[in-house]
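Colleague: So that you can map any letter, position 36 of the sequence shown is 36 in UniProt numbering, and since no number is skipped, the others follow by simple counting.
Keep in mind that the hints were calculated from the coordinates and are not lab data.
Derived lysine-lysine pairs resembling DSS-like cross-links, with alpha carbons at most 30 Å apart:
id, residue 1, residue 2
1, K50, K133
2, K136, K72
3, K190, K72
4, K136, K198
5, K198, K140
6, K140, K50
7, K50, K136
8, K198, K230
9, K139, K198
10, K72, K104
11, K182, K140
12, K230, K72
13, K117, K72
14, K104, K117
15, K182, K50
16, K133, K104
17, K198, K182
18, K182, K72
19, K136, K117
20, K50, K72
21, K117, K140
22, K230, K182
23, K50, K198
24, K133, K117
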Amino acid sequence: MTKLQGAVNSSGGTDRKLMERNLTEPSLREWVLNVIDVLAGLWSHLRPAKTTSDEPLDGLILTILSQNTNDKNRDRAYEFLRSRSPRWEDVLVTAETELAEVIKPAGLSNIKASRIKSVLGLITERFGSCSLKPLKGMKKEEIIDFLSSLPGVGPKTVACVLLFDLGIPAFPVDTHVNRLCKRIGWVSPKSTPEETQKIMGSVIPSDLYWSAHLDIISHGRNICVSRRPKCTICPLNARNLCLFVMEEKKGDEKI
Numbered sequence: 001m002t003k004l005q006g007a008v009n010s011s012g013g014t015d016r017k018l019m020e021r022n023l024t025e026p027s028l029r030e031w032v033l034n035v036i037d038v039l040a041g042l043w044s045h046l047r048p049a050k051t052t053s054d055e056p057l058d059g060l061i062l063t064i065l066s067q068n069t070n071d072k073n074r075d076r077a078y079e080f081l082r083s084r085s086p087r088w089e090d091v092l093v094t095a096e097t098e099l100a101e102v103i104k105p106a107g108l109s110n111i112k113a114s115r116i117k118s119v120l121g122l123i124t125e126r127f128g129s130c131s132l133k134p135l136k137g138m139k140k141e142e143i144i145d146f147l148s149s150l151p152g153v154g155p156k157t158v159a160c161v162l163l164f165d166l167g168i169p170a171f172p173v174d175t176h177v178n179r180l181c182k183r184i185g186w187v188s189p190k191s192t193p194e195e196t197q198k199i200m201g202s203v204i205p206s207d208l209y210w211s212a213h214l215d216i217i218s219h220g221r222n223i224c225v226s227r228r229p230k231c232t233i234c235p236l237n238a239r240n241l242c243l244f245v246m247e248e249k250k251g252d253e254k255i
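Please put together the full structure from these sequences, using the hints given.
Modeller: Put into structure tokens, the structure is as follows:
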């Protein structure tokens, strides 16, 4: 019996406190790496080319637009925005109501328009222009402090800019990643995305942040979906790598 299997006790429940106590032990890292390896076999073909951005501000605005919406709506809003205003300086001088109308497909457009205008203003004030290229010459801690000071920019957004636009190791946790980490049993069922990001960032090797993040998202969108997860076709099920499905099996045995 593995430690994971032993975490499902004879009464059919899961000793979550045991799992939480073991978060920094090698056994958890081995478990995480096993899952990451399985997911890589499933979803690596969906990963985009690994690149960094010439202008990190593009990624920051894109991530702000992505908040509380899906990729399709985010991309539509971003496309409308850039086709209307190719330069961020143009967006800065656009009326907030007009900007909100342009990015309407992303939802919460009034809030996001206000945030984008404020962000662009603060960036211009700090660096003298609507550009985040100066971040490339700063230390990671300095980048995190500056980005975190911007309105509407939380840990996930900061991590996305670091990882995808600057090529600096970080592990972003969105809705899909947080759901999967909780279901598998890596973090508490009550863990917030911020808490999960901190925990998983310390467990997953930094050279796997990029691939693991993308593969976990793909798994969360296609198999470990929010409602009615497709556990019967999930390879983590067959390998006893998921506490969620192991609890279900235990429940079935008691019927």
